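Given chain A's structure and the hints, the job is docking chains B, C and D onto it.
The primary structure of each chain is shown beneath.
Number of protein chains: 4
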Amino acid sequence: MPDRILRAIAQPTIDHRGPAFALLGREVLDGLQRVFQTRGPVVIYPSSGTGAWEAAFVNTLSAGDKVLMFETGHFAVLWRDMAARFGLHVDFVPGDWRHGVDPALVEQKLTEDRGGAIKAVAVVHNETSTGVTTRIAGVRRAMDAARHPALLLVDAVSSLGSIEYRHDEWGADVTVSSSQKGMMLPPGLGFNAISEKALAASSSARLPRSYWDWAPMIKNNAAGFFTTTPATNLLYGLREAVRMLMDEGLVNVFARHRRFGEATRRAVAGWELEILCATPEEYSPALTAVVMPAGHDADAFRAIVLERFDMSLGAGLGKLKGKVFRIGHLGDFNDLMLAGTLGGVEMGLAAAEVPFARGGVTAALDYLASEARRPALT
Amino acid sequence: MPDRILRAIAQPTIDHRGPAFALLGREVLDGLQRVFQTRGPVVIYPSSGTGAWEAAFVNTLSAGDKVLMFETGHFAVLWRDMAARFGLHVDFVPGDWRHGVDPALVEQKLTEDRGGAIKAVAVVHNETSTGVTTRIAGVRRAMDAARHPALLLVDAVSSLGSIEYRHDEWGADVTVSSSQKGMMLPPGLGFNAISEKALAASSSARLPRSYWDWAPMIKNNAAGFFTTTPATNLLYGLREAVRMLMDEGLVNVFARHRRFGEATRRAVAGWELEILCATPEEYSPALTAVVMPAGHDADAFRAIVLERFDMSLGAGLGKLKGKVFRIGHLGDFNDLMLAGTLGGVEMGLAAAEVPFARGGVTAALDYLASEARRPALT
Amino acid sequence: MPDRILRAIAQPTIDHRGPAFALLGREVLDGLQRVFQTRGPVVIYPSSGTGAWEAAFVNTLSAGDKVLMFETGHFAVLWRDMAARFGLHVDFVPGDWRHGVDPALVEQKLTEDRGGAIKAVAVVHNETSTGVTTRIAGVRRAMDAARHPALLLVDAVSSLGSIEYRHDEWGADVTVSSSQKGMMLPPGLGFNAISEKALAASSSARLPRSYWDWAPMIKNNAAGFFTTTPATNLLYGLREAVRMLMDEGLVNVFARHRRFGEATRRAVAGWELEILCATPEEYSPALTAVVMPAGHDADAFRAIVLERFDMSLGAGLGKLKGKVFRIGHLGDFNDLMLAGTLGGVEMGLAAAEVPFARGGVTAALDYLASEARRPALT
Amino acid sequence: MPDRILRAIAQPTIDHRGPAFALLGREVLDGLQRVFQTRGPVVIYPSSGTGAWEAAFVNTLSAGDKVLMFETGHFAVLWRDMAARFGLHVDFVPGDWRHGVDPALVEQKLTEDRGGAIKAVAVVHNETSTGVTTRIAGVRRAMDAARHPALLLVDAVSSLGSIEYRHDEWGADVTVSSSQKGMMLPPGLGFNAISEKALAASSSARLPRSYWDWAPMIKNNAAGFFTTTPATNLLYGLREAVRMLMDEGLVNVFARHRRFGEATRRAVAGWELEILCATPEEYSPALTAVVMPAGHDADAFRAIVLERFDMSLGAGLGKLKGKVFRIGHLGDFNDLMLAGTLGGVEMGLAAAEVPFARGGVTAALDYLASEARRPALT
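Protein chains in written order, with numbering that gives the first Met the number 0: chain A, 0 to 377; chain B, 0 to 377; chain C, 0 to 377; chain D, 0 to 377.
Looking at chain A on its own, in the form it has when it is part of the complex (with noise of 0.2 Å):
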């Protein structure tokens, strides 16, 4: 979490109704859409990722509507069931939790619902939990030759400030988000970006709702106005990570975060540990997910990581518990970071007398130091 940020965070609220107001509120609006990199309308919620997850559906869809899903990793998952309550009904495809989301396989199952029962298309961009990504624009693709009108819906939380999207260009209806990851704030809000075929399908859309309604959001956000009272405090915040974003440059954000995933995969393999992603093209920028070695528990692992070091690593979520740990290498962090913690995996393994190849690190640090030597991108 940036100290500026942080700092941001702690300016006294100000009056959700006042001029000075209006202004930070059109500067979170416009800068979220740089961000999101749509000109559409971009609507932000007091809340979780899971409370963007909800109003995507209610906004869109009815009780009863088909839903095509998969089964990408554990917040694919959740999200699944999610559906579930809201009485939709979900074409669930099977995953192992390996692999993102297969266009050709999204292209076949449109291709066969000639009745055009399926209104959405439900994908999570990049899986916190596995470390794999889906191809967003690979999947339109596949809608477009199926030639189907099914809204595409995607969950961007652990993508979106880290790993490039492109919301109007690849053609997502409906883009989830929230504050906590790429977006380097504190957990509180959640985001939708919105297509113009999802604001017209939200007319007939008939799940009841009131506090996810996008249509008032929508018509106070004009004027840099919420329609509940919005969490100033985390908007302020927000307003300095997009600057930041921009000051960067989106280009030098994504190819930062690539350069960690290289790193880090490299220090995987000098370790020899296996990544839990099976396709190199799907290498999640944001985080890697690395497999335990048979007999090890990884949570183990990382209690004695998180005691010795003081550093938290992820843990194996869903059906991955104890089988994996995540290393994150998302939102405000830097080579020196990134070398710190692959430094405290490396001696974690040593200290939880994880069987592992010495010189992870070196690995790393080789390519990191080689990357460092081409100029920045403008």
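Note that these hints are calculated values from the structure, not bench results. One or more hints might be untrue.
Computed list of lysine-lysine pairs in DSBU-like fashion (alpha-carbon distance at most 30 Å, straight line) [to be verified]: (1) B/Lys320 - A/Lys218; (2) C/Lys218 - D/Lys318; (3) A/Lys320 - B/Lys320.
Rough simulated footprint, nothing fancy, chain A against chain D, three-plus residues with beta-carbon under 8 Å [stated by the list, open to error]: (4) 65 to 77; (5) 302 to 313.
Sample of chain A residues with no beta-carbon within 12 Å of chain B, all distances over it, derived [unchecked claim]: (6) Trp52; (7) Asp80; (8) Arg113; (9) Ala145; (10) Val156; (11) Glu163; (12) Gly248; (13) Arg258; (14) Ala349; (15) Ser369.
Quick caveat, the model's predicted, so the values are computed rather than measured. Idealized CB from N, CA, C, for every residue including glycine.
Frame of chain A; chains B, C and D shown alone:
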């Protein structure tokens, strides 16, 4: 907004699945029970107070249920509107925005409801738009007298932490509140305090729910954790706010706000202006709405006060727009801040050439000085 | 203390030998020149204002030098004591602590000093202990009239940034100030503004000096660096303070404090109490000392105000102990804070049963409201 | 700089003459005694460490006094220069900047000084410019062996709070330190720990003094107050720093830095580079200076590390300019930060094309991992 709280929320965000978080989670949940004066569960959402209203409905009611509500002011109207959006049938008793809910009318309405169609009575404890309170204990007695099984839902958004509130003793079933008023926090947290009866009702309630669902929250809260990512930094602030309230003692906090209310009303009387609230037993200790003399626009007056004295007075909301201004005296407020606030109003009245009698501030100071001699309650 | 400044000083300390520091260093040095209204060097020490007094002496004088000083109040006495400790011979003109330095007396003293024994005249611009100012331009005119080469050393500790001060135009040779009064910062920085004549004097001055030595400081300052480790975080605050003063405009800042002084004096007159300062042309815009009615102890009164209203009034210092209390109105202060402060005094007078007339606050509010109608100077 | 400390210094400044300040004053003074490991007085100045050097001289010595000093590095040279400016006669024993003070030489010098001309021996405990420590207990034993009455003045600026230091047990007379190194604070506070013998010497010392004078400070400190306006916000930070040191336990703090020193030296050995410090018993646990291979400029290397990895390595100071770079590992530093720092050096060596052996970081990690298994001392 107290400095202590602003510094508290600027602490680095910790892992919401780790042991340090569990301590934080339990401390704020236990603390909120003390503030709500309940032994039952309290649920915390990343949301505005509006979200917590929604949570109260979707956890306890089903589409088509009848709800008894009262037009006590702007927020009562908004809450009614929300009920309608969820397909609830609201019996909305009209009001003049100068009185709270009449317990006798509650008893009459419930007694007439022989078939038990009314599933809930939903009232606002302290109407932020009017400075009028409803006597919740009286409403409960009326419900008991009518021997009616309806749930009692209470909006305590602007009373919790400033005006005495006793969830258990007064027999509220769901009390809705949020962070940004008496709790002295930035906006972004919504609360539900929940009775056993409300919890039982949630098993049969049929409105679709996921984000707001109490059950998984209560289950996870037992160990100090949350179902979805919590707004950790605001929870740091909540921990600090609860400590501040407990350090001062709730009984002293409430007495302080009663004193501020009385001093403000003496100032208003000194200016020979009219208080909106028509019934002394319903005067709000948290804010006072003042009726603008005929021929003068309250918003023009407020604009002058903002421009010349950098003070935001509350606007007249809904049908009171332009007709009243509101003086807030809730939260982290002391005698000198009140003297400054009332001084700003008196100067603003002069600057805006509103007819008024001089000396309102003097009357308030006389009262505060006389009260200052009394020892603090312990 | 403004929030902006507190947040500014909470930024992580940067390397005081690096390029980012140089920018900070030059910005605060340039900014202080604007605040002192000088084109000459300003030196910043990690020190209290007392340290900056010492710096003025050790850089310009030699043991045995004669210095002309005036007993205008407590701080004048302390500065005299310091001079004595350095072996300077002080001609200390007695005073009643109700008047500033009389320029006619300065002229007379210097005219009598035919041999040029007096090396410096050292005066306090705004006596914090009395609320009496000395007219520095008048002192300089007197020195010029006497055609005397003595240096003019001025203590502007409690005036800089609140009361008009013109180092160059008024012909001061060394102006001493510090961070914690009109500059709105926490204590910890001392300043010297230095004329060419003072700089020339420093080459022949013989008091031993190292930490306070101007020469290496001025040399390093050229590039934005400091001789010894600077108090970087306080410099962050200084940068913010200068920006705040420049945003408001010094002319507006000074007018604001003059207005506060007048309002406070009207309150004191309204209470039928006596102002310590005997000469209207010497009234301080930064603070007002009020004489306690006979038979009442000012410190007992102050203790009651502190306990009941949590407000620290200034104590009577030195020989005024128990006889006056001081109302500060300098720094980041607005009309409402003054209204609150004066309200606290009025309530305190009642609570302490000090005889006074009611209505002082009303008189102040009347004045402030009438002044608020005037447009800001630009 | 720990977040806890930055947040602590952002608290509003309190009245330095009020009761709340007295508690703060006593807590920091008592805390510093524990950190210096002394029962005698500790004096705190708003100043840099250089100011605290000056305080040690002006309180104990008179012009013309002889002082024995040793050329152990850049700061020893600067302190010698200061002594000369106060008219002290310094016997400055030359050195090669790779060794600490040789106790045998101290004994010899003092034994030769039969007339007792030497009034003080002044040594630097941890030379920040070289990473070489002087064994203070050994120096004291040498002085005792010579039965010489000179005072022992010690600069502990960069050791206090990171390297074991025992003012009383080691027989230091004045220990000089400051806020910004091991104490983890921003710069702006200087400290003197004072023995009874030093206090006695101050009665007869004749250098002029006022700001630095111990006597009024010690008198006011008894009740928690200060003679001149204290740097209150930095004292908030000092209170927090002392609490952090005591929470961890000084013995653990010192062990942690010894471990960091050893790990760093293993990295340097792994890179096949040379450590500046020539004697293992004098290795600094606070920082390590590394000799740049011939033909390579340390400052060019440092510039690359700053530009590419945003890390400030310490420069070679004085006659070491361009010849060494310094790796700091003092203060609030953990294993992962050290891993990141060493990773940055290793990457920088590669990026700057300095000849080195790969694997230095791996050697450090191996050592740290093996040490992590040992239980903390209590």
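Consistency of the hints with the structure:
With a C-alpha separation of about 20 Å, the suggested pairing of B/Lys320 with A/Lys218 holds against the 30 Å cut-off. A distance of roughly 21 Å separates the Cα atoms of C/Lys218 and D/Lys318; the hinted pair therefore holds under the 30 Å criterion. Between A/Lys320 and B/Lys320, the direct Cα distance comes to roughly 56 Å. Violation of the 30 Å bound is thereby established for this hinted pair. Under the rule that three or more residues need a Cβ within less than 8 Å of chain A, the assignment of the stretch 65 to 77 of chain D is violated, with 0 such residues.
Under the rule that three or more residues need a Cβ within less than 8 Å of chain A, the assignment of the stretch 302 to 313 of chain D holds, with 4 such residues. Against chain B, the non-interface label of A/Trp52 is violated: not every CB pair exceeds 12 Å, the least being about 8 Å. A Cβ of chain B approaches the Cβ of A/Asp80 within 12 Å, the least distance being about 8 Å, so the stated non-interface status is violated. Here A/Arg113 stays apart from chain B, with its beta-carbon at least about 29 Å from theirs, past the 12 Å limit.
Non-interface call for A/Ala145 relative to chain B: holds, since the shortest CB-CB distance, roughly 29 Å, exceeds 12 Å. For A/Val156, the requirement that its beta carbon stay farther than 12 Å from each beta carbon of chain B is not met, with the minimum near 9 Å. No Cβ of chain B comes within 12 Å of the Cβ of A/Glu163; the nearest lies about 24 Å off, and the non-interface call holds. No Cβ of chain B approaches the Cβ of A/Gly248 within 12 Å, the least distance being about 25 Å, so the stated non-interface status holds.
Every Cβ of chain B is farther than 12 Å from the Cβ of A/Arg258; the closest lies at roughly 25 Å, confirming the non-interface assignment. Residue-level check passed: A/Ala349 sits 23 Å from the nearest beta carbon of chain B, beyond 12 Å. With a cut of 12 Å on Cβ distances, A/Ser369 stays outside the contact zone with chain B, its closest approach being about 32 Å.
Consistency with the previously given hints fails for numbers 3, 4, 6, 7, 10, ordered from lowest to highest.
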